[in-house]
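Same order as they appear, the protein sequences are chains C and H. Letter by letter, the first sequence follows residues 1 to 257 in my numbering. Letter by letter, the second sequence follows residues 258 to 514 in my numbering.
Treat the hints as calculated values from the structure; they're not laboratory data. One or more of the hints may lead you astray.
As the list claims (entries may be wrong) - 30 Å max Cα-Cα, derived DSS-like pairs, lysine-lysine:
| no. | chain 1 | residue 1 | chain 2 | residue 2 |
| --- | --- | --- | --- | --- |
| 1 | H | 314 | H | 281 |
| 2 | H | 476 | H | 260 |
| 3 | H | 431 | H | 411 |
| 4 | C | 57 | H | 468 |
| 5 | H | 437 | H | 476 |
| 6 | H | 457 | C | 57 |
| 7 | C | 88 | H | 476 |
| 8 | H | 345 | C | 211 |
| 9 | H | 314 | H | 345 |
| 10 | H | 411 | H | 468 |
| 11 | C | 200 | C | 174 |
| 12 | H | 476 | H | 457 |
| 13 | H | 431 | H | 345 |
| 14 | H | 476 | C | 159 |
| 15 | C | 219 | H | 345 |
| 16 | C | 159 | C | 211 |
| 17 | C | 159 | C | 88 |
| 18 | C | 159 | C | 180 |
| 19 | C | 88 | H | 457 |
| 20 | C | 3 | C | 57 |
| 21 | C | 200 | H | 314 |
| 22 | H | 457 | H | 281 |
| 23 | C | 200 | H | 345 |
| 24 | C | 88 | C | 154 |
| 25 | H | 457 | H | 431 |
| 26 | H | 431 | H | 416 |
| 27 | C | 174 | C | 211 |
| 28 | H | 281 | H | 437 |
| 29 | H | 345 | H | 411 |
| 30 | C | 154 | C | 183 |
| 31 | C | 3 | C | 24 |
| 32 | H | 437 | H | 345 |
| 33 | C | 24 | C | 183 |
| 34 | C | 211 | H | 437 |
| 35 | H | 416 | C | 219 |
| 36 | C | 88 | H | 437 |
Number of protein chains: 2
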Amino acid sequence: MSKPLILVTNDDGITSQGISVLVKLMSRIGEVIVMAPNSPQSGMGHAITVGEPLRTKENRLFGEDIASFECSGTPADCVKIAQFQLPKGRRFDLVVSGINHGSNTSVSVLYSGTMSAAIEASLDGTPAIGFSLCDYSNQADFSHCEDLVVNIAKQTLEKGIPRGIALNVNIPAKQGLPIKGIKVCRQTNARWGPSFDQRKDPHGQDYYWMKGDFINLDKGEDHDEWAIGNNYISIVPCQFDMTGHHGIRQMNDEWDI
Amino acid sequence: MSKPLILVTNDDGITSQGISVLVKLMSRIGEVIVMAPNSPQSGMGHAITVGEPLRTKENRLFGEDIASFECSGTPADCVKIAQFQLPKGRRFDLVVSGINHGSNTSVSVLYSGTMSAAIEASLDGTPAIGFSLCDYSNQADFSHCEDLVVNIAKQTLEKGIPRGIALNVNIPAKQGLPIKGIKVCRQTNARWGPSFDQRKDPHGQDYYWMKGDFINLDKGEDHDEWAIGNNYISIVPCQFDMTGHHGIRQMNDEWDI
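Extracted from the complex, chain C is given alone in its bound form (with noise of 0.2 Å):
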């Protein structure tokens, strides 16, 4: 039987340590192609590039033996031009995004460059699997979660997950206590208040840092934030659909339409 075909992408950019350690640990079970953006591209959510052309352009960052392309757009758009790169009639078995550098728990999915590839991916029913190490630094230590990483993207080829569904698995930073274990969860019920750093510049001009305070409302131990708090990794499958089915009961029940 042939090795799974493996997409990695990521949204820190494509010479992130992040990345390299996905790649790695990716080529212990499939052929890996790798088409990452050439620079970082972290809160640029699911955008996509219509107005300007792309450019993707090869590279061995990976060993003789990985085929690897940088590419001038978002981690959606590097999704976009590998499959459309392949040649007819192959697909990725699996689109894995990531590692990255930072938490994308709770409502940072939304904002996240990482789930947006995976999200891209799932469109057409591909598996796909953001991982967020929550470690802002740069030298973070992935040593703690490499195998369970290998793991989760071994489970998501051989047991599945729903069509149109995208993991988004977060990891604990490396801390005194080995991890746990996973826990398959609901996003938090969480968001980032409005907050910036107002400042004036050397013309005296008014200009804004945007910062951010997280304000967690869920009480429950069933989501993300929680799983990450107690030092598990957490795993919430991800749809594309956003309707609100409540939202159509209420208002064919009491609009007036």
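Following the hints, complete the assembly by docking chain H onto the known chain C.
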């Protein structure tokens, strides 16, 4: 009773025709503040600006009576900074985004800057609506939908929508026949297939323009593409919780965790 406070934003930029129509219509029912991008932001998804500073600049584009600001950031940035700049204790009663020049039905909600602004507003429970006209022309005719846009905004304020919901409203392009009415819908199961126009630059290097083929897989008649195709306004209530709960069940049943 004081008038409701309404934030108007968009993704086509503050000088587009669509936002000027929306500002005019919202002024009929509330006190309007405008905070919109100073350049077009189509396809920006839920991008936010974390790696560089933001600027805002007051203008009087919509007359002396309307507080109006242009912002250097994305639609989601505009909502955050407008919330931040409100005097302490004040909140928007409604956030509206658009009117977008072009459709945002189906999975386009993921790529849409128009809808990302509405979803950003919904995160703290502010009622929010993204309006899109299914006509990409910069000189599009909005006259056939003005009363319906006002009606939808008024009902959102008066009858309400569930907390955390943002409405994705799409409006058929002006045709010979008047719009038949409003349908509250689910998101169409469709996607944009990866499609690019591959060209060579004057230096012989390849570049790519994203095109995208719309692939509609949905045989139902209760979704937004169906409504638009049948000359109805579609309203999809959208939620920011992307959890696919059926995925939690399957993984807990079938995976080794």
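Which numbered hints are broken by the structure, listed smallest first? 2, 10, 11, 12, 13, 16, 22, 25, 32, 34 and 36
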